[in-house]
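Trainee: Read off the chains here:
Number of protein chains: 2
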Amino acid sequence: MIFLFTGDGKGKTTCAIGQAIRALGQGKKVLILQFIKSKKFKSGEEKIISKLGKNIKLIKGGLGFVGILGDKLPLSEHKKAAKETLEMAKKAISERKFDLILLDEINVAISLKLIKIKEVLKLLKKVPKEKDIILTGRDAPKELIEISDLVTEFKEIKHYFKKGILAQKGREF
Amino acid sequence: MIFLFTGDGKGKTTCAIGQAIRALGQGKKVLILQFIKSKKFKSGEEKIISKLGKNIKLIKGGLGFVGILGDKLPLSEHKKAAKETLEMAKKAISERKFDLILLDEINVAISLKLIKIKEVLKLLKKVPKEKDIILTGRDAPKELIEISDLVTEFKEIKHYFKKGILAQKGREF
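Chains as they are written, first to last, in this note's numbering: chain A, 21 to 193; chain B, 21 to 193.
Take the hints with a grain of salt, since some may be wrong.
Which copy is meant is left open, so a pair is good if it fits within one copy or across any two.
[Unchecked claim] Under the rule of at most 20 Å between Cα atoms (straight-line distance), these lysine to any residue pairs were calculated in the SDA-like manner:
| # | residue 1 | residue 2 |
| --- | --- | --- |
| 1 | LYS146 | MET21 |
| 2 | LYS151 | LEU186 |
| 3 | LYS182 | MET21 |
| 4 | LYS136 | GLU150 |
The set of hints was computed from the structure by calculation and includes no laboratory data.
Whenever a hint applies, use it, and build me the whole structure from the sequences.
Mentor: This is how it looks when you write it as structure tokens:
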């Protein structure tokens, strides 16, 4: 089953994390692969997940924001990191060891052209029916919406960012 | 800060659970109060949260679905349970012990007239600025949208329920 969480509203990654925790609690094996997000700082969810045993694994494959908020890395470096993360996803899907694989911010990696939609579609077609995949990130391409079994659009109705309130520990990471 | 997750799409409760896990990971104290959801069966998130120590607490105050899916309880019983859950919320907010309080499905408890919107608004006005509250559930009344600092609408674009696939352990609970 393929789940897709997209849209401009807050909650896509946290929703996927909640889903991962739920699955883990029911005895499932979970892998979380994060595109974009980097190892530079630890998120709250990462700190908890690292204590939850061997049935849940979180890997941050990204190098941080791309082209914004002070990012000075060449795009080629971001591309390399995203491709490596996609390779990990391929391997994990073919091994069939995990019941749920979360590909966090993969939609963003596609829209920034770090990875090719064609490759992602090829990969998703190989997912066995009894396994679950969650795709997150704003601006999901229509091909991913078509291939998914469940799509929720997270619509921003109101956000305190617009009032100038900044991202905070425990809220945004 | 008041967060409101509403709409007909999947992910509102899991999103709030993910947010709770994130906050916990960053050293916050978290209380989860579930309206509607009952003690009858254990959700995946509940199993994990019960292992995460004293800084996170989950209380299921509900008696299950109201008036649907075989529910035969008189409405008065559901009302009593919801009122008691709201009392717990009041106490927790006034004690200021928790940094994040999640009031799961409170919107549904209001729209089913188990509790009064007036009482909920009165309560939310007492929340100190440095504390966070998350409200979840479809059909949020406009008064709650107005009072909230962040509102995400979870819009169902596609759902496998519509193909006749039933709720599953690890996916829906």
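Trainee: Hints broken by the structure, by number, lowest first?
Mentor: Checked against the structure, the only hint that fails is number 4, while the rest are satisfied.
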